[in-house]
Amino acid sequence: MKTASRRAWLTALLIMAIVFVSACSGGAGNGGEGATDPEPAAETNENAEETASTDSGTGEEPAAAGPLGKYDPPVEVTSVRIVNDTFKYAEGEDIDNNIWSRTIMDKLGIDIQYDWVVSGDGPGGQGEQKMNVSIASGDLPEIIPVSARQLKQLVEGDLLMDLTDIYEQYASPFTKEIMNQDGPNALASATFDGKLMAIPNTGSAMDGAFMVWVRTDWLKKLNLPEPQTMDDVLKISEAFTTQDPDGNGKADTIGLSLNKDLYGGYAGIDGFLNGFHAYPRQWVKDSSGKLVFGSIQPEMKVALAKLQELNKKGQIDREFGVKDQGKAAESAAAGKAGLHFGQMWNPLWPLVDNKRNDPNAEWQAYPLVSVDDKPAQSRVNLAVGTYYAVLKEAKHPEALLKIINLFVETGWGESTTPENYAEHFTKDGFEKHKYTPFQTWPARKNLDIHLHISEAMDSGDESKLNPEEQNNYAQIKDFLEGKAGSEIGWAYNRVFGKEGSFKTIDKYVDEGLILQNEFFGAPTDTMVEKDATLLKMELEVFSKIILGDPIDHFDKFVEDWKKLGGDDITEEVNEWYASK
Amino acid sequence: MVERLTTGRRVFVAVNYALLLFMSLLCLLPLIHVLSVSFSSSEAATAGLVKLWPVEFTASSYQFVLAKPAFLTSVGVTLQRVAIGVTVNMLLTILVAYPLSKEVTKFPYRTVYVWVFVITILFHGGLIPQYMIVKYTGIMDTIWALVLPSVVPVFNVVLLLNFFRGLPKELEEAAFIDGAGHWTTLWRVIVPLSAPALATITLFATVGHWNSWFDGLIFMNSPEHYPLQSYLQTVVINRDLSLVSSSDMKSLMEVSDRTAKAAQIFLGALPILLVYPFLQRFFMKGIVLGSVKE
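Chain order of the listed sequences is A and B. Heads up, the first sequence is in full-length UniProt numbering, so the first residue is 1 and it goes up one at a time. Heads up, the second sequence is in full-length UniProt numbering, so the first residue is 1 and it goes up one at a time.
Source of the hints: derived by calculation from the structure; they are not laboratory data. We put the CB at the ideal spot given by N, CA and C, even for glycine. A couple of the hints might just be wrong.
As the list claims (entries may be wrong) - Dumping the calculated DMTMM-like pairs for lysine to aspartate or glutamate here, alpha-carbon to alpha-carbon at most 25 Å:
1. B:K51 to A:D246
2. A:K374 to A:E481
3. B:K135 to A:E393
4. A:K327 to B:E56
5. B:K68 to A:D85
6. B:K135 to A:D324
7. A:K427 to B:D257
8. A:K483 to B:E56
9. A:K250 to B:E56
10. B:K135 to A:D115
11. B:K51 to A:D252
12. A:K580 to A:E540
13. B:K51 to A:E330
14. B:K68 to A:E93
15. B:K68 to B:D141
16. B:K51 to A:D324
17. A:K392 to A:E156
18. B:K51 to A:D478
19. A:K563 to A:E299
20. B:K68 to A:D525
21. B:K135 to A:D246
22. B:K68 to A:D428
23. A:K483 to B:D257
24. A:K250 to A:D217
25. A:K260 to B:D257
26. A:K88 to B:E56
27. A:K88 to B:E170
28. A:K327 to B:D257
29. B:K68 to A:D96
30. B:K135 to A:D158
31. A:K536 to A:D567
32. B:K68 to A:E91
33. A:K323 to B:D257
34. B:K51 to A:D358
35. A:K336 to B:D141
36. B:K68 to A:E431
37. A:K290 to A:E572
To be verified - To give an idea of the interface, some chain A residues facing chain B are shown, with a C-beta separation under 7 Å as derived from the structure:
38. I82
39. D85
40. W116
Please work from the sequences and hints to get the whole structure.
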């Protein structure tokens, strides 16, 4: 009997263990990811030296002078790739074999070999984790796409080649122009002690400017004016909450959409705060010429108090604290929200879903509104997501610049033709430009699309449009002609059309209403260590204040922020600023 | 057997059932929600109108997903991994657990060996050493990188060896008297008697292999070699919309692809859901009652 009861116990234990393990197994795999903080290993040097010495025996290096000169015989360059699941390929093609790999081979004589390819390009996502492991284990290719933080680690580990001279010698004039189109910050952010250590993949800072998005069909219905001042916006928010804009007789609409991360390109608070001249998570110059952190300035407190007031009046979704951008967007798509602060691309997602559900829905972007007579400026961040660094031992560092030269020349250079562009960028509905291993983008590209399309809409002359613009224009025309299922044309019209969101960006650019982050160096030492904690604390305190915590908690937050590393960071940032 | 229930007992039973029902619903409802989203139209899903029943029923997301080569390849990788991984896991678990279940008198250094194994549960080399071992063993980017690093699941070994120790020693002795060696005893006596434990451990191993995604990401060098969960991770994870670059605007339109994501999540979970009921019956059987008189 004794053994029998023991057996019963065992069986019970086993069953409990099943429940326990299967419940926990979902989380178990995630445990390791946080621990992938890498330290550059010394092995790389040895490995690379070995390969270098075995290969250098061949003697003659293929000569390839000039920004677009061809290697003959072809050379091999190793790199790695971080892709995402929007990469689509034609039948029989893949990341190693596509129009760009062939063109790069034909025109430049460069054969790119990827040591690995990872899908998942978000910050802290799969690509970054895999790269961290590669850096930590010293398993690096010749040309390495990295984040600002990883770049700093590699520079400190003394693994990278100084690219200053190579850039001067091999970057084409057009590449150099693009590198500086968004200001000198992009290159400066890759410069350490006066040496250019990586080539930035420049994007467009102005494309990240914030604006007010309003449902104009609701404005008309409720007889409200277009937003010109902060007061107008507050009035709209109140009316959208209380006056039943969707006309279903229920008080189920939201005034101002917010998401739980507070910041971001859709339903963030950035644009609202900018209207109060508060610039969260950004370094701004104070009256004495020093750099200070925007999140702890007194203007923030005023703006947060206002948000708290809106929340008290029920104008903010009560559940915003648990809704990410995707969830927050459901309200807009379902026609329950008609006002938010966001970026120029909002019509493409999620507003187009609202249009699909309700053909009468109409959205319009307006410039940020100000709380006083000083115009509101939109904050923007440095638009460099990726840097291309080159290992010291690489034999053909200039290959990086040649490929970038070829990319920009094919895209927007004077020698390219519409056919050539289509072949390499958009043909057959594939976003072929994504295949290019090393890219850099003109900052004004999207703004130019808007200007050219507006011009074409006025004159009816499409001949001046480049292929990308023609593609967008065709979709806009489909919508204007009332074709079924052309909602995406509506979205493009709201972005690039005459009254599109780029009209607002154009105004910002003309009137100098874009405020760049004054700090654009690599993260400082204390930032690397403390930033995550500080940002988390900020998010928590601000969310709670909006949800009803006493506004004085802001003062405590400022003190805590300074104590917990903020003062050190400020000092480091100002040191960087002085040495710039 | 008729039992008279006291009031207290009745209240307890009612509360108990209510609580269990509530907890089952907590587990079940998200699954049903995902299922109904996967069968709804894209517009309804993005507007958040779908609760527990499909809105504007359509199976188009399943057609889309099942025609997607990346999804099917990753299912293939996972099936291969489960087939190889679980078989090898089970074989090694049994072979390790059997000697360790012996008494110290028969196997003098038993405790030492048990600790050698248990220490690997408590202390871990860490990601980077593991990565380097996999790299320098040359199994990077092959199915073996997913199978070999965790080939002896020590937790399962401990479970099994304790189960072995719970079996009546008389059965084993009888086998020895009849002339069986360790090998025969293990496979002809011990293993057949351990069906409940083996079923449980098989389940652990299967679920473990099916669900793990991080090793796929780290040890595989191209997305075509990803197992299912690593692939799903790339599909389902939310993109950070504040970092949309000018080259990326078209990708935005795929953010709304919620129904397809739901379909893939559901298809990914389905096989493992189906395994449970089949293994469950083993938990009831295999009890060795009555085989020994004491």
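Hint check results:
Proximity of K51 (chain B) to D246 (chain A) is assessed by CA-CA distance (about 22 Å); at most 25 Å being required, the pair is judged to hold. Using a Cα cut-off of 25 Å, the hinted pair K374 (chain A) and E481 (chain A) is violated, with the two alpha carbons roughly 41 Å apart. A distance of roughly 21 Å separates the Cα atoms of K135 (chain B) and E393 (chain A); the hinted pair therefore holds under the 25 Å criterion. For the given pair, K327 (chain A) sits about 20 Å from E56 (chain B) by alpha-carbon distance, which is consistent with the 25 Å threshold.
Between K68 (chain B) and D85 (chain A) the alpha-carbon distance is near 12 Å, which keeps this suggested pair within the 25 Å criterion. As the CA atoms of K135 (chain B) and D324 (chain A) are separated by approximately 38 Å, the hinted pair breaks the 25 Å bound. At roughly 23 Å between alpha-carbon atoms, K427 (chain A) and D257 (chain B) fall within 25 Å of each other, so this suggested pair holds. Only pairs whose Cα atoms come within 25 Å are accepted, and K483 (chain A) paired with E56 (chain B) is accepted, the gap being roughly 23 Å.
Between K250 (chain A) and E56 (chain B) the CA atoms are separated by roughly 24 Å; this keeps the pair inside 25 Å, and the hint holds. With a C-alpha separation of about 12 Å, the suggested pairing of K135 (chain B) with D115 (chain A) holds against the 25 Å cut-off. Taking the CA atoms of K51 (chain B) and D252 (chain A), the gap is near 18 Å; set against the 25 Å cutoff, the hint holds. Only pairs whose Cα atoms come within 25 Å are accepted, and K580 (chain A) paired with E540 (chain A) is rejected, the gap being roughly 34 Å.
Between K51 (chain B) and E330 (chain A) the alpha-carbon distance is near 13 Å, which keeps this suggested pair within the 25 Å criterion. The suggested pairing of K68 (chain B) with E93 (chain A) holds, with an alpha-carbon distance near 15 Å, which does not exceed 25 Å. Between K68 (chain B) and D141 (chain B) the CA atoms are separated by roughly 22 Å; this keeps the pair inside 25 Å, and the hint holds. Restraint check for K51 (chain B) and D324 (chain A): satisfied, since their Cα atoms lie roughly 18 Å apart, inside the 25 Å limit.
Simply put, K392 (chain A) and E156 (chain A) have alpha-carbon atoms about 13 Å apart, close enough for the 25 Å limit, and the pair holds. Distance hint between K51 (chain B) and D478 (chain A) is unfulfilled; the C-alpha atoms sit about 34 Å from each other, more than 25 Å. Taking the CA atoms of K563 (chain A) and E299 (chain A), the gap is near 20 Å; set against the 25 Å cutoff, the hint holds. Taken as a hint, the K68 (chain B) and D525 (chain A) pair is broken in the structure, with Cα atoms around 45 Å apart against an allowance of 25 Å.
Restraint check for K135 (chain B) and D246 (chain A): not satisfied, since their Cα atoms lie roughly 60 Å apart, outside the 25 Å limit. With a C-alpha separation of about 18 Å, the suggested pairing of K68 (chain B) with D428 (chain A) holds against the 25 Å cut-off. With a C-alpha separation of about 23 Å, the suggested pair K483 (chain A) and D257 (chain B) falls inside the 25 Å cut-off, and the hint holds. Restraint check for K250 (chain A) and D217 (chain A): the C-alpha separation of about 18 Å stays at or below 25 Å, so the hint holds.
In summary, the hint linking K260 (chain A) to D257 (chain B) is supported, as the alpha carbons are separated by about 21 Å, within the 25 Å threshold. Between K88 (chain A) and E56 (chain B) the alpha-carbon distance is near 29 Å, which puts this suggested pair outside the 25 Å criterion. Restraint check: the Cα-Cα separation between K88 (chain A) and E170 (chain B) comes to about 65 Å, which exceeds 25 Å; the hinted pair is violated. Between the alpha carbons of K327 (chain A) and D257 (chain B) the distance comes to roughly 13 Å, so the proposed pair stays at or under 25 Å and holds.
For the proposed pair K68 (chain B) and D96 (chain A), the alpha carbon gap of about 20 Å is at most 25 Å, so the pair holds. Simply put, K135 (chain B) and D158 (chain A) have alpha-carbon atoms about 24 Å apart, close enough for the 25 Å limit, and the pair holds. A distance of roughly 17 Å separates the Cα atoms of K536 (chain A) and D567 (chain A); the hinted pair therefore holds under the 25 Å criterion. The suggested pairing of K68 (chain B) with E91 (chain A) holds, with an alpha-carbon distance near 13 Å, which does not exceed 25 Å.
At roughly 18 Å between alpha-carbon atoms, K323 (chain A) and D257 (chain B) fall within 25 Å of each other, so this suggested pair holds. For the hint linking K51 (chain B) to D358 (chain A), the alpha-carbon distance of about 20 Å falls within 25 Å, and the restraint holds. Simply put, K336 (chain A) and D141 (chain B) have alpha-carbon atoms about 48 Å apart, too far for the 25 Å limit, and the pair is violated. Under the criterion of a C-alpha separation no larger than 25 Å, the hint pairing K68 (chain B) with E431 (chain A) is consistent with the structure, at around 18 Å.
A C-alpha spacing of about 12 Å is found between K290 (chain A) and E572 (chain A), which places the hinted pair at or below 25 Å, so the restraint holds. The interface hint given for I82 (chain A) is broken, as the beta carbon of that residue sits about 11 Å from the closest beta carbon of chain B, more than 7 Å. Annotation: interface hint on D85 (chain A) holds; nearest CB of chain B at approximately 5 Å, less than 7 Å. Annotation: W116 (chain A) was flagged as interfacial toward chain B, and the flag holds, the nearest CB pair being 4 Å apart, inside 7 Å.
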